[in-house]
Amino acid sequence: MKLTRLFSAIAIATLSTAALTATAATNYADFPVTVKDYQGDKTSSISYGGQIARQVLHTSLMKLSKTGNGAANPELLAQMQAYFSGKDEGRAILAPVSQEGFVLAQSKVDELSKGKNLAGKTYKGVIAGWPGKKTGVEVLEFLIEKAASADAGFDYSNGMDYPQLISKFAMGAIFYNQAVDNYLDEKLAADVKPNDKPYKDGAAYTGKEHVWDEAFGYFGAPINAAGLDAKEAYAIAKGKKEIFATADLNGNGKIDLDTEMLYAHAYYAAGADKAGKSNYLNVITKAFIDGRQLITDAKGEKLSAAQRSDLSAFADVIKTNWELVIAEAAFKYAGSVYGDALKLQAGVEKNEDVKAAFKKYIHHWGELKGFSMALQTGGKDLGGFAVSLNRLIGYSPVLLGNTQVTGIDAKGNYQQESSISLNEFALHMLKVQKLLSDKYPLKARLNDKLENLSALAAKLGTGKSTEND
Amino acid sequence: MEQFLTQYWNDISALFSNSQQRLFWGYLLSASFIAALFSLKTRTGTLKTTVKTALGLPHWLSKSARADYQLILINKAIYLLFNPFLLGKLTVATLIFETMHLSLGHRNIETELPEWLIVMGFTLFIFIFDDFARFYTHKIMHEIPWLWEFHKTHHSATSLTPLTVLRTHPVEGMLFAIRSALVQGISIGIFVFCFDDKVDLFTVLNVNIILFMFNLAGANLRHSHISIHYYPWLEKILISPAQHHIHHSTAPRHFDKNYGAILAVWDRLFNTLHLSEAGTTIQYGIARDQKEGEQSLRALYLSAFANSFKILKSRLYKYRLFARKIKIKDVNKNTNHL
Numbered sequence: 001m002k003l004t005r006l007f008s009a010i011a012i013a014t015l016s017t018a019a020l021t022a023t024a025a026t027n028y029a030d031f032p033v034t035v036k037d038y039q040g041d042k043t044s045s046i047s048y049g050g051q052i053a054r055q056v057l058h059t060s061l062m063k064l065s066k067t068g069n070g071a072a073n074p075e076l077l078a079q080m081q082a083y084f085s086g087k088d089e090g091r092a093i094l095a096p097v098s099q100e101g102f103v104l105a106q107s108k109v110d111e112l113s114k115g116k117n118l119a120g121k122t123y124k125g126v127i128a129g130w131p132g133k134k135t136g137v138e139v140l141e142f143l144i145e146k147a148a149s150a151d152a153g154f155d156y157s158n159g160m161d162y163p164q165l166i167s168k169f170a171m172g173a174i175f176y177n178q179a180v181d182n183y184l185d186e187k188l189a190a191d192v193k194p195n196d197k198p199y200k201d202g203a204a205y206t207g208k209e210h211v212w213d214e215a216f217g218y219f220g221a222p223i224n225a226a227g228l229d230a231k232e233a234y235a236i237a238k239g240k241k242e243i244f245a246t247a248d249l250n251g252n253g254k255i256d257l258d259t260e261m262l263y264a265h266a267y268y269a270a271g272a273d274k275a276g277k278s279n280y281l282n283v284i285t286k287a288f289i290d291g292r293q294l295i296t297d298a299k300g301e302k303l304s305a306a307q308r309s310d311l312s313a314f315a316d317v318i319k320t321n322w323e324l325v326i327a328e329a330a331f332k333y334a335g336s337v338y339g340d341a342l343k344l345q346a347g348v349e350k351n352e353d354v355k356a357a358f359k360k361y362i363h364h365w366g367e368l369k370g371f372s373m374a375l376q377t378g379g380k381d382l383g384g385f386a387v388s389l390n391r392l393i394g395y396s397p398v399l400l401g402n403t404q405v406t407g408i409d410a411k412g413n414y415q416q417e418s419s420i421s422l423n424e425f426a427l428h429m430l431k432v433q434k435l436l437s438d439k440y441p442l443k444a445r446l447n448d449k450l451e452n453l454s455a456l457a458a459k460l461g462t463g464k465s466t467e468n469d
Numbered sequence: 470m471e472q473f474l475t476q477y478w479n480d481i482s483a484l485f486s487n488s489q490q491r492l493f494w495g496y497l498l499s500a501s502f503i504a505a506l507f508s509l510k511t512r513t514g515t516l517k518t519t520v521k522t523a524l525g526l527p528h529w530l531s532k533s534a535r536a537d538y539q540l541i542l543i544n545k546a547i548y549l550l551f552n553p554f555l556l557g558k559l560t561v562a563t564l565i566f567e568t569m570h571l572s573l574g575h576r577n578i579e580t581e582l583p584e585w586l587i588v589m590g591f592t593l594f595i596f597i598f599d600d601f602a603r604f605y606t607h608k609i610m611h612e613i614p615w616l617w618e619f620h621k622t623h624h625s626a627t628s629l630t631p632l633t634v635l636r637t638h639p640v641e642g643m644l645f646a647i648r649s650a651l652v653q654g655i656s657i658g659i660f661v662f663c664f665d666d667k668v669d670l671f672t673v674l675n676v677n678i679i680l681f682m683f684n685l686a687g688a689n690l691r692h693s694h695i696s697i698h699y700y701p702w703l704e705k706i707l708i709s710p711a712q713h714h715i716h717h718s719t720a721p722r723h724f725d726k727n728y729g730a731i732l733a734v735w736d737r738l739f740n741t742l743h744l745s746e747a748g749t750t751i752q753y754g755i756a757r758d759q760k761e762g763e764q765s766l767r768a769l770y771l772s773a774f775a776n777s778f779k780i781l782k783s784r785l786y787k788y789r790l791f792a793r794k795i796k797i798k799d800v801n802k803n804t805n806h807l
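Just so you know, the sequences run in chain order A and V. Per my numbering, residue 1 is the first one in the first sequence, and the count goes up by one each step. Per my numbering, residue 470 is the first one in the second sequence, and the count goes up by one each step.
Calculated from the structure, these hints are not laboratory results. Certain hints may be false.
Unchecked claim - In silico EDC-like pairs for lysine to aspartate or glutamate, Cα to Cα no more than 20 Å straight-line:
1. A/Lys-350 - V/Glu-579
2. A/Lys-434 - V/Asp-666
3. A/Lys-299 - A/Asp-181
4. A/Lys-343 - V/Glu-567
5. A/Lys-240 - A/Glu-100
6. A/Lys-343 - V/Asp-725
7. A/Lys-343 - V/Glu-581
8. A/Lys-434 - V/Glu-567
9. A/Lys-343 - V/Asp-665
10. A/Lys-459 - V/Asp-665
11. A/Lys-431 - V/Asp-666
12. A/Lys-434 - V/Asp-665
13. A/Lys-193 - A/Asp-181
Whenever a hint applies, use it, and build me the whole structure from the sequences.
Next comes the structure, spelled out in structure tokens:
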């Protein structure tokens with residue numbers, strides 16, 4: 001077993017070197033058609049338009065979820081459902097949109113791919129972190145319904161920020177789940193979507209080429225992300241005009257949403273990497289490129305066992321680092337909620353107006369909750385870790401009267417019960433950070449609230465402990 | 470195994486290359502310099518004799534010193550194996566931090582105190598707390614009979630060299646590691662809870678500045694044949710090398726004196742302070758009459774276990790007797806009532 005791993009590692013190292021020196025594929029681009037007897041006129045085998053369409057369906061859905069007016073709004077609900085489960089033509093891309101100095105090439109979902117939705121690709125398993133024993137699809141449907149009648153996405157009575165919950169959970173239950181539990185998992189098997197056949201009749205890409213492309217599309221990185229600086233990548237996602245020239249790779253004066261934009265977990269990878277301690281965006285994209293090169297190099301032949309083993313090793317790099325990106329985000333927001341809870345408590349004790357502090361607190365909790373649930377959609381059994389994570393974070397943040405959501409009744413209303421204090425809940429957030437850092441080898445560790453303890457412990461050293469006076 | 474050996478070698482070389490260690494080459498150099506100055510200033514014979522005496526080659530080659538070297542080498546391997554299982558300072562710090570969080574009910578980390586004051590406070594607090602913990606542990610190692618059996622390994626040194634500082638029974642070494650974890654963990658936990666990221670340590674070469682000064686000022690001479698003493702008033706504040714030599718003395722009047730590591734104030738508080746005695750020649754060890762095989766590894770490692778076991782066994786026996794007497798008394802009382 002160890003020998004096989006060693007050979008795989010050597011093979012990967014050799015392949016990586018070869019890729020760098022010989023073919024020098026630094027972008028996720030220019031992979032030729034390898035399908036045998038291809039009759040069409042395409043010269044590139046790359047295709048992941050459906051995934052990018054889902055990326056913009058997600059960003060548009062999030063945008064819509066912020067527009068409620070606090071009352072029942074069937075029109076908004078129908079609109080949100082159109083982006084989640086509809087397949088209608090003519091849906092506009094609501095986010096991202098062109099801005100002055102940052103013009104986008106596409107404004108309709110159909111320009112990327114037609115007839116796509118999110119619901120069909122959402123995780124079907126039960127979500128333990130959300131009340132009501134709902135599946136991934138049902139949780140999103142529930143959140144969308146609540147968001148439609150929320151006040152600009154917020155439900156202050158129950159401590160919910162729906163845009164955050166929808167977005168962060170959807171990124172996991174759709175993109176992460178599809179990529180790591182489907183395309184980079186069972187679809188890499190020998191007899192599934194083989195490389196010696198087109199993905200479907202007449203396609204310019206083989207089964208394995210398209211499977212790999214689809215996973216890349218769900219990651220949400222621009223084609224040049226392997227060599228992109230994290231801060232630049234972050235600026236692209238934010239639509240900063242200063243970065244336009246760098247982002248516009250083909251120089252057509254517009255940002256192509258399928259090749260030049262950053263979405264979802266690629267954006268959060270860049271967010272973590274900005275601190276300079278991690279390199280998730282580059283590492284994941286590089287593994288995608290190397291894996292794609294391996295498939296292309298097979299020249300439309302069936303992948304050998306050794307090639308599939310190497311491809312699985314690239315997939316493992318992607319899956320491991322992708323999981324870390326989500327864990328890093330959860331770690332960061334647990335730190336934010338910790339600080340927010342303490343500030344909120346201080347504000348309450350001083351009889352101050354805490355509306356803004358409370359909004360910030362539930363906003364960060366929404367991010368934390370979304371990411372923590374997303375972490376559990378990768379098809380792995382996280383066992384006791386997941387149980388502890390869900391218990392510590394709760395079904396809602398601790399509210400001002402020291403209550404917390406504990407369930408949902410038959411009509412879909414939240415049930416609250418008395419719970420711990422804000423101070424104790426803050427401590428829970430430290431435990432969340434500890435739990436995450438014990439489980440994952442986190443590198444960025446943004447908002448690390450226990451960093452001072454470990455930094456001082458390291459500074460004091462161990463020198464004197466065995467000296468005898 | 471290879472990893473173990475690499476770590477072992479790193480730990481051994483760190484003894485002399487890491488400025489957090491007493492035997493860091495810089496401190497040894499400064500101690501040698503101080504020893505040379507002191508020897509020249511107080512010399513009575515020729516320069517050659519003075520240099521010869523100051524170098525103290527017979528001390529370095531003595532049976533006792535050779536036992537020190539063996540103990541150091543063996544102990545390092547033992548610590549490497551067992552220390553990961555001991556209580557860590559980060560565990561203690563986290564526990565203290567969380568307990569304070571829960572029991573105090575709030576955490577107000579906004580303070581108007583200047584940062585330098587907090588750093589100075591932490592540096593001073595941890596130094597004083599650690600020095601007291603070292604004093605008190607040392608005291609109980611002497612006063613509790615079964616613990617003394619382990620501490621005797623250190624006191625059985627009949628020649629003192631700077632390396633004697635590491636002549637420790639591994640059980641005692643592990644107790645010291647736990648003591649350090651508690652002291653440092655408690656200090657870190659309290660200060661980080663109260664002052665968050667404002668807490669830091671004033672350091673020189675990665676060492677608490679106060680400890681650095683202590684080490685630079687000839688701390689290594691505490692275990693040496695160079696008996697430097699301070700002014701009497703200063704010896705009531707700081708323990709001089711000569712005072713520590715008294716602590717190692719075989720003279721009964723010196724027994725259980727000068728437990729302090731750096732500060733003498735703890736000994737003053739507990740009435741165990743003994744000022745240095747100019748002109749007194751001190752014999753080091755446990756008793757004037759040295760036993761055959763006293764410096765053997767068997768005696769240094771195993772005797773402590775055997776003797777402390779005997780003591781604990783006899784204690785248990787006495788306790789049982791006592792318990793039985795009480796029981797009999799109770800029965801008699803009850804019978805009388807009938």
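For each hint, the structure was consulted:
| no. | hint | in the structure |
| --- | --- | --- |
| 1 | A/Lys-350 - V/Glu-579 | holds (14 Å) |
| 2 | A/Lys-434 - V/Asp-666 | holds (18 Å) |
| 3 | A/Lys-299 - A/Asp-181 | violated (26 Å) |
| 4 | A/Lys-343 - V/Glu-567 | holds (18 Å) |
| 5 | A/Lys-240 - A/Glu-100 | holds (9 Å) |
| 6 | A/Lys-343 - V/Asp-725 | violated (53 Å) |
| 7 | A/Lys-343 - V/Glu-581 | holds (17 Å) |
| 8 | A/Lys-434 - V/Glu-567 | holds (12 Å) |
| 9 | A/Lys-343 - V/Asp-665 | holds (14 Å) |
| 10 | A/Lys-459 - V/Asp-665 | holds (16 Å) |
| 11 | A/Lys-431 - V/Asp-666 | holds (18 Å) |
| 12 | A/Lys-434 - V/Asp-665 | holds (17 Å) |
| 13 | A/Lys-193 - A/Asp-181 | holds (15 Å) |
Comparing the model with each earlier hint shows violations of hints 3, 6; every other hint is respected.
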